[in-house]
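Same order as they appear, the protein sequences are chains A and B.
This note's numbering numbers the first residue of the first sequence as 1 and each following residue consecutively.
This note's numbering numbers the first residue of the second sequence as 1 and each following residue consecutively.
Please note that a few of the clues may not be correct.
Below, in silico cross-link-like pairs of lysine-lysine (DSSO-like), each with a Cα-Cα straight-line distance of 30 Å or less [claimed, not checked]:
id	chain 1	residue 1	chain 2	residue 2
1	A	Lys15	A	Lys130
2	A	Lys288	B	Lys74
3	B	Lys7	A	Lys653
4	B	Lys7	A	Lys277
5	A	Lys245	A	Lys453
6	B	Lys74	A	Lys501
7	A	Lys221	B	Lys16
8	B	Lys16	A	Lys245
9	A	Lys398	B	Lys16
10	A	Lys466	A	Lys501
11	B	Lys7	A	Lys728
12	A	Lys501	A	Lys288
13	B	Lys16	A	Lys662
14	A	Lys453	A	Lys267
15	A	Lys15	A	Lys245
16	A	Lys662	A	Lys245
17	B	Lys59	A	Lys501
18	A	Lys307	B	Lys59
19	A	Lys267	A	Lys294
20	A	Lys728	B	Lys74
Please keep in mind that the hints were generated in silico from the structure rather than gathered at the bench.
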Amino acid sequence: MEQYLIDVPKYVQSKPYTFGIAEKPSAAKRLAQTLDVKAKEFSIKVTKKGTVLHIVKGWLITKNKERIVILSALGHLFTLVQDGSGWQYPVYDFKWVPISQASNKLDQKFNNRIEATIEAIRQLANSAEKYLVLTDYDEEGEVIGALTLTQLVNNDALNQTRRLKFSSFAKKEINNAYDMARSKSTAGEINLGMYNRGLMRHYLDWLWGINLSRALMLSLKNYSGRYHTLSTGRVQGPTLSFVAKRQLEIDTYVPIPRFKIQIILKKYPDLAVNHKKGFIDQLNPAEKVYSSIKGKDGLIEEIVKNKRKISPPAPYNLSSLQSDAYRYHKITPSNTLRAAEALYLDAAISYPRTSSEQYPPDMDHLEILTKIGGRAGFKTIVKDIFTKNKKLVPKIGKKTDPAHPCIHPTDQLPTKLSGYNKKIYELIVHRYFATFGKDAVQESNRVNFTIDKEEFYLQGSRLVTKGWRAWSGVQGNTAKTELPKLKEGQTLAVSASELIKSFTQPAPQYNQSSLLKEMENNELGTKATRSEIIQSIINRKYMQGDPIHVTPIGMIVNEVLENYSPQVISVELSRELERMGDLVEQGINENSDSIFSLSDAIVQGILHLHRMLADLKSNEQQMGSLIDHGLRTQRKQELIIETCNVCNEGNLKIIRSQSTGKRFVGCTLYFDNQRCTNTFPLPQRGRLEKTKDKCKADGFPQLRVHGGKKPWLLCLNPECPIREEYLKNIENRKKESKKKAPALKKDGSEIKIKKTRLKGKPKKKPSVSKKDQLEIKIKKTKLKGKVRSNK
Amino acid sequence: MNKCEIKNCERDTEDKFCTHHQMSWEAINSGFEEWQNALGTDLTWENYLIQLIEDDAVKTGDLAIDVAIFELEKVSDKKFD
Ligand SMILES: [Zn+2]
Ligand SMILES: [Zn+2]
Ligand SMILES: [Zn+2]
Numbered sequence: 001m002e003q004y005l006i007d008v009p010k011y012v013q014s015k016p017y018t019f020g021i022a023e024k025p026s027a028a029k030r031l032a033q034t035l036d037v038k039a040k041e042f043s044i045k046v047t048k049k050g051t052v053l054h055i056v057k058g059w060l061i062t063k064n065k066e067r068i069v070i071l072s073a074l075g076h077l078f079t080l081v082q083d084g085s086g087w088q089y090p091v092y093d094f095k096w097v098p099i100s101q102a103s104n105k106l107d108q109k110f111n112n113r114i115e116a117t118i119e120a121i122r123q124l125a126n127s128a129e130k131y132l133v134l135t136d137y138d139e140e141g142e143v144i145g146a147l148t149l150t151q152l153v154n155n156d157a158l159n160q161t162r163r164l165k166f167s168s169f170a171k172k173e174i175n176n177a178y179d180m181a182r183s184k185s186t187a188g189e190i191n192l193g194m195y196n197r198g199l200m201r202h203y204l205d206w207l208w209g210i211n212l213s214r215a216l217m218l219s220l221k222n223y224s225g226r227y228h229t230l231s232t233g234r235v236q237g238p239t240l241s242f243v244a245k246r247q248l249e250i251d252t253y254v255p256i257p258r259f260k261i262q263i264i265l266k267k268y269p270d271l272a273v274n275h276k277k278g279f280i281d282q283l284n285p286a287e288k289v290y291s292s293i294k295g296k297d298g299l300i301e302e303i304v305k306n307k308r309k310i311s312p313p314a315p316y317n318l319s320s321l322q323s324d325a326y327r328y329h330k331i332t333p334s335n336t337l338r339a340a341e342a343l344y345l346d347a348a349i350s351y352p353r354t355s356s357e358q359y360p361p362d363m364d365h366l367e368i369l370t371k372i373g374g375r376a377g378f379k380t381i382v383k384d385i386f387t388k389n390k391k392l393v394p395k396i397g398k399k400t401d402p403a404h405p406c407i408h409p410t411d412q413l414p415t416k417l418s419g420y421n422k423k424i425y426e427l428i429v430h431r432y433f434a435t436f437g438k439d440a441v442q443e444s445n446r447v448n449f450t451i452d453k454e455e456f457y458l459q460g461s462r463l464v465t466k467g468w469r470a471w472s473g474v475q476g477n478t479a480k481t482e483l484p485k486l487k488e489g490q491t492l493a494v495s496a497s498e499l500i501k502s503f504t505q506p507a508p509q510y511n512q513s514s515l516l517k518e519m520e521n522n523e524l525g526t527k528a529t530r531s532e533i534i535q536s537i538i539n540r541k542y543m544q545g546d547p548i549h550v551t552p553i554g555m556i557v558n559e560v561l562e563n564y565s566p567q568v569i570s571v572e573l574s575r576e577l578e579r580m581g582d583l584v585e586q587g588i589n590e591n592s593d594s595i596f597s598l599s600d601a602i603v604q605g606i607l608h609l610h611r612m613l614a615d616l617k618s619n620e621q622q623m624g625s626l627i628d629h630g631l632r633t634q635r636k637q638e639l640i641i642e643t644c645n646v647c648n649e650g651n652l653k654i655i656r657s658q659s660t661g662k663r664f665v666g667c668t669l670y671f672d673n674q675r676c677t678n679t680f681p682l683p684q685r686g687r688l689e690k691t692k693d694k695c696k697a698d699g700f701p702q703l704r705v706h707g708g709k710k711p712w713l714l715c716l717n718p719e720c721p722i723r724e725e726y727l728k729n730i731e732n733r734k735k736e737s738k739k740k741a742p743a744l745k746k747d748g749s750e751i752k753i754k755k756t757r758l759k760g761k762p763k764k765k766p767s768v769s770k771k772d773q774l775e776i777k778i779k780k781t782k783l784k785g786k787v788r789s790n791k
Numbered sequence: 001m002n003k004c005e006i007k008n009c010e011r012d013t014e015d016k017f018c019t020h021h022q023m024s025w026e027a028i029n030s031g032f033e034e035w036q037n038a039l040g041t042d043l044t045w046e047n048y049l050i051q052l053i054e055d056d057a058v059k060t061g062d063l064a065i066d067v068a069i070f071e072l073e074k075v076s077d078k079k080f081d
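Here chain B stands alone, though its shape is the one from the complex:
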């Protein structure tokens, strides 16, 4: 058993994320394709995540926000490497 990788989640899981965060992750993943379809393929993964997290008009679910933050931190870490 591992713990879900999302901060403060701590749920037991055999995968990377617990079931609910996994569901959110899948929604974020497929959502990106739909965002690109709507806005154009120039939309970056990073900008997509920032909007999910910070734009008040985008009513992202709480669990999906957890995952978006997790993914965004990975992108930011990479930049500073």
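The following block holds chain A by itself, in its conformation from the complex:
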């Protein structure tokens, strides 16, 4: 430590003082200025061996005569690494080190900043009389606060630590939290249960991640001598498997024909007419129905009206906000969380990582509505709320959260609003308004009519009473169709009718919102981490696009785990570990020695992991072969075709449009400020493969397309004579096959051929694993800074 020179202003160091640790610099600033209007910012110059590492900023405040020095942790300062060396698995020994010491690609400037911050905290925290944790109140915040103190001071520091527990940065809330922290109440203590649960999550995620990723990579290396970065994780594995499973359903899907009678009404050509039976499975009966109604008009038999009350929605929690943001604005869950966090830091809304659908009991709705009503665009609604509600009693939902209320606006307006933040803020405010509303009433109409005894119907609906919908912005819009005025006994003239053949479709691909829902339904991950886990799988290039599809390498990783250690991707194990987390949390909080501890949880976790790793090790050969094959296939489909013929600088690449999902060939410089906009259209179906041969007619690059009767060569040039001719041929063939399509000829011999050919072989299971190949001793894990006894 001698090597550092830490230059702290004298007035900051004068004793006694409390050392406060905040999560981020922006939060430190907001907290300091909220607690003390005269808060003072200061600088600490940290020098190492003569060079300045970084100038660390801090805040000095005085509150009730208590001097508090606040520094921020920049998110995480520490990370887990292997304790020991060697690229092998299993590894069960780990330790915390400063992020700057972990070997990774972080840049030097960032590392210097981390190192300087750590030294500044070490210096100031060790001379402090007591401590105050000011991070966001959740598992992660508890870990950041408590870990920083135990790592840089000692375990005893937690005995002198108080905790500011707040759900928003609004002035009143922060000041109340401070009073609570000053009191003897448990509400002002650090939540050790949460802290230990957070540690458990870090330890297990690290153990899972490093061991399973190494199992994947080493199997490839030992099989082929090649190296390729591969990874999976405790929650990533099961999440990717949902998408991969759905994709396999789609890729192996065979559509089945079905039939529908389509009718166009003369007076109302835009109304959708439905046959009572919906789709008809067989051509024969469909044709019978069709021929019986052809050229005839309808007669209205009955009009059925139904009124239905729709009660106001519950306030938002994170998952319902993410779901609506995607639904109304196509904002991805991770972007929604980011926007909500910015609004929270701006003190405009309460803490977003919550599962609660309930307002805090002491919430001052009058005050908040009045303040929000000051903003143009909300004024009229607020006025309306005040006139229609004598008492301000909002609707609440059933879900709760141990640490926070629902997401709601505060009495502080956001300082500036644009882009996603604006849309998210408006959703939250409108939802808040809606919870004060009365039931909406919707009338649905069904008009039943017959055409020659065949039953058809029209379906429509209209809003009779708007109720809460009038106050809820985009959430109140209904896309329901209103039917024209019709009477029983009236004739409906038909202008055209048609028998339509359509095909069944596979289940839809996941999008980010439906995948998040799936994770939630299966209790995978936590509300706070789900969207980030999806994003991390996308960043690893195992999934992409929206709707999401799995890349070839993502498919392989999933298949390897599914075949050789299905527990890794099982939802059940993930759930069991969450339950273990519950026990750890309760055990600490209920202050009993006999209960499941953090170390018990880690040992249990390692036992599970050990079994999975043994399975993988004994199948290393097959795994390596599968991965090697997957990588070779992926390379064949490699996206880059050749240097761009227009700019001669970028590369021509197969690109899938994020918005339409369509693929085309484009220049990579398009993504560099649209410097080159060269594109070529592509057929949307069939697998594409690179070829070396150039087109004989015009020298343009060619792609091989798999998906016709035979693979064919596609010249990129849309005006190529060869390409034109080929496409014409396809068209002709299609027309011919359509003529043959309903194939009404007797052709029994062909069917016989089919039957002899189609005898499937039973599937065989992968070879039995030899678990005894692996010998591992579970060493006592070093869990530094983990549990402190509760006395």
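Based on these hints, arrange chain B with the ligands on the given structure of chain A.
Here is chain B with the ligands on its own, set in the frame of chain A:
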């Protein structure tokens, strides 16, 4: 160990097809019965496969198309024998 018989697949398998192509093959096999049920038993195996491959309204999965092409080539080869 054999290789999957589908062109360009090359996956190791102890059967004729790799697992995914086997799944597709089973879907195509049972699909034929459903197509015949829908359209009538006059529908030939060959015509069924052609529609799976070439009709744009039929959104056959990519792996199922591989198998349909494989099966169709067998039928065509037989005809020229
Ligand atoms: Zn270019
Ligand atoms: Zn050409
Ligand atoms: Zn195959």
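Now the hints, each set against the structure:
1. A/Lys15 / A/Lys130: holds (11 Å)
2. A/Lys288 / B/Lys74: Roughly 37 Å separates the two Cα atoms, so the pair is violated.
3. B/Lys7 / A/Lys653: holds (25 Å)
4. B/Lys7 / A/Lys277: Status violated; Cα separation ~43 Å.
5. A/Lys245 / A/Lys453: With Cα atoms ~45 Å apart, lysine 245 of chain A and lysine 453 of chain A exceed 30 Å; violated.
6. B/Lys74 / A/Lys501: holds (29 Å)
7. A/Lys221 / B/Lys16: holds (28 Å)
8. B/Lys16 / A/Lys245: Answer holds: lysine 16 of chain B to lysine 245 of chain A is near 22 Å, not above 30 Å.
9. A/Lys398 / B/Lys16: violated (54 Å)
10. A/Lys466 / A/Lys501: violated (40 Å)
11. B/Lys7 / A/Lys728: holds (26 Å)
12. A/Lys501 / A/Lys288: Roughly 14 Å between the alpha carbons, so the hint for lysine 501 of chain A and lysine 288 of chain A holds.
13. B/Lys16 / A/Lys662: Given that 30 Å is the threshold and the Cα spacing comes to 34 Å, the pair is violated.
14. A/Lys453 / A/Lys267: Holds, because 21 Å separates the two Cα atoms, which is no more than 30 Å.
15. A/Lys15 / A/Lys245: Distance of about 62 Å is beyond 30 Å: violated.
16. A/Lys662 / A/Lys245: holds (22 Å)
17. B/Lys59 / A/Lys501: Judged against 30 Å, a Cα distance of about 14 Å means the pair holds.
18. A/Lys307 / B/Lys59: violated (40 Å)
19. A/Lys267 / A/Lys294: holds (18 Å)
20. A/Lys728 / B/Lys74: holds (26 Å)
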